[in-house]
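**Student:** Produce the complete structure using the sequences and hints provided.
Number of protein chains: 2
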Amino acid sequence: MKATVITIGDEILIGQIVDTNSAWIGQQLSDIGIKLYEIISCGDNAEQITSAIDRARANSDVVIMTGGLGPTKDDITKNTLVSYFNTTLELNEELWERMKQIFEKRGLQVLEMNRSQAMIPKDSTMLPNQRGTAQGMWFERDGKVFISLPGVPHEMKHLMSAQVIPRLNERFTFPTIVHRTIMTAGAGESIIAQKLSEFENNLPANFKLAYLPNLGIVRLRLTAHGTNGDLARQADELEFKLVEVLGDLVYARTDEKLEVVIGKLLRENNATLSCAESCTGGYIAHLLTSVPGSSTYFEGSLVTYSYDVKEKLLGVKNSTLNTVGAVSEECVREMLSGLLQKTETTYGIAVSGIAGPGGATPDKPVGTVWIAVGNSEKMVAKRYQFFPGRSENIKVFSYTALNMLRLFMAGKW
Amino acid sequence: MKATVITIGDEILIGQIVDTNSAWIGQQLSDIGIKLYEIISCGDNAEQITSAIDRARANSDVVIMTGGLGPTKDDITKNTLVSYFNTTLELNEELWERMKQIFEKRGLQVLEMNRSQAMIPKDSTMLPNQRGTAQGMWFERDGKVFISLPGVPHEMKHLMSAQVIPRLNERFTFPTIVHRTIMTAGAGESIIAQKLSEFENNLPANFKLAYLPNLGIVRLRLTAHGTNGDLARQADELEFKLVEVLGDLVYARTDEKLEVVIGKLLRENNATLSCAESCTGGYIAHLLTSVPGSSTYFEGSLVTYSYDVKEKLLGVKNSTLNTVGAVSEECVREMLSGLLQKTETTYGIAVSGIAGPGGATPDKPVGTVWIAVGNSEKMVAKRYQFFPGRSENIKVFSYTALNMLRLFMAGKW
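Chains U and Y are the protein sequences, given in the same order.
Residue 1 is where the first sequence starts when you use the numbering used here, and the numbers rise one by one after that.
Residue 1 is where the second sequence starts when you use the numbering used here, and the numbers rise one by one after that.
Hints were generated in silico from the structure; no laboratory data involved.
The structure displayed is predicted, hence computed values, not measured ones.
There may be inaccurate statements among the hints.
The list treats identical chains as interchangeable, and a pair is accepted whether it falls inside one copy or across any two copies.
What the hints assert, rightly or not - List time: in silico PhoX-like cross-link candidates among lysine-lysine, alpha-carbon distance up to 25 Å:
(1) K157 - K35
(2) K105 - K364
(3) K342 - K317
(4) K412 - K195
(5) K312 - K73
(6) K2 - K208
(7) K312 - K342
(8) K208 - K144
(9) K412 - K378
(10) K395 - K257
(11) K317 - K378
(12) K312 - K378
(13) K73 - K35
**Tutor:** In structure tokens:
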């Protein structure tokens, strides 16, 4: 089974937007066992769209198109499909009534332009869109399937999940595919690969392991293809083995962010957290507060960027800053003590380092960071060394600090 | 002049990475007057690559390929091009010597695999890559140009800017294109469009105005096509008019981030800044500290997420929190006073709002935010109302606060 994705829109070609739809669709299709043959992005132009569909039709069994379904003049996908499949449009009365009601409720005037969105090609199946006024369409010709979806990402995703994937599963028979995702923090890709070399050598031929590293986090994806009914059990066993080998590096066995896992741990323990951030400049607080409901366990962060504020707000000693400097074990320990005294939270994190490009010294190159985590009873501190790249360092430092807290809370430090 | 971009790599098709290269290339080409006809993403497979090049060749004058130039087995773009153009590889001795030296310096062993990267197709022009070991290649056939670049974004961008764009400009004659970018903050796209309706109605036919809105910021792009030597002067005049109409909404006349402009303003005035953040959770501090060198003007941020920390660290009155609540004019004014007392910076920003999804009340829906900015002499506060969407609100609130500071510093408040 092969598929082609066609993303339609002039804004893609002039680089005004990055097409993220096709990667997402590629993932979803690969999850059910459909291989993407190609992605084509073309302009809002009937000839170009037609030519792209011709090519897709020759190379694949399923063609998924996104974009060009809006109510304005430049949205021509629907009319192009009507001529391509040699059919006509007819008004879907039910849909039109529903649309009018929605507009009325919102106190908006219904325009003739909107009526065109209730027109559906005759021999197509309408895929109802609960998130917008552009409906999805499903055509079949010579055993091949052609699907047209709106380009707005959250509408497209809703239609893929609620309509396209279930219908594809019903229409075709796929080989069984099983996925397992394991999230790790605390080691780079190469160290993990080394630890897993025996595991990988003994991996059955129908299993694949993919590494997806991203700034302090490595996501592992175990995929099994087969027709065998035991596939899920076999995957469970392999996942168990893999987790055993990696031990404390594993922080979750589903695709979850570290800040979400930390939040759950704090909530389970009725504990609270605050931070003292220098070089991470508020990014740890941003990660933690990006999780809805984080106010139940996160109290705040003192982003102390200057020496002055480190002294005034956290009580870091002037002598520490002027002898060993801000990027030192002494400094992060004093930051953490000061923080816990001020905020009285259960746990605290303190970070001070050199994100770059400036600020390096011979013994503290760019990428050096000191992190302390602890509570009122115990405090641990460690120096790490990462690489150049300011924005990358800010992120890696932040995830490393959250991971230190995770291990500290688990008594692994 | 038309072009096709072909991005090569299995990881794109299974959605492991989002192809950002093609959008960036589309922008660059459009800037010099080349229209992108299509983007094709295909797998690391000779047959698929060949078929994509055939299609691109039929539809365009310039074909730019990225990816598949690494040293490993699955990188087959170079060999595919060698067969496609019916040529052979030869060792570039100079390049090979340079590569060996680099490896030696880094204390790494040179592998046979690396030697293959010093092999260049006979009748192609090598585009030297200063950022990596995969060189770019430029082929010409029947007046059409075929360019192959590495897929790593920073290497691709380096080669596009240093080699491809200058060579295309030399090889072809393009109509003159002039661009102007104007950055605005403080009003949405529709308000700006309303203000500019007369301006747009009077825009000469060879000028286009594009709106690129992004969470609190609207970037305007004025593009002029023509052969007329006066184009630049005409663009200057129109830019001047546009800036006049928009007035204080304009914060920069080049493509600059608001946090960078704020940094320049503070530096010019020898002034310092600190923040007191509630709902933005450290994001304002993150924006400010993402700018290298920000430590010269940014002292820190007190991310006071809980009531408790607002009282302890900023001296917000318990009575304020328990009567009018944290999302109130009183609270942000007390936060700002407390902040300036503690940090003694020239300027301060205080923000408290409801990012959502929880925390709303009937008179304070999700998207409500109070922002105060000021110095030791004067303080202003304002309530804004945005829409649902936690992560979007965090960003819009942050940019709105920075924009309030910009106007305050300019004496416009």
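**Student:** Hint compliance check: list the failing hint numbers for this structure, sorted ascending.
**Tutor:** 5, 8
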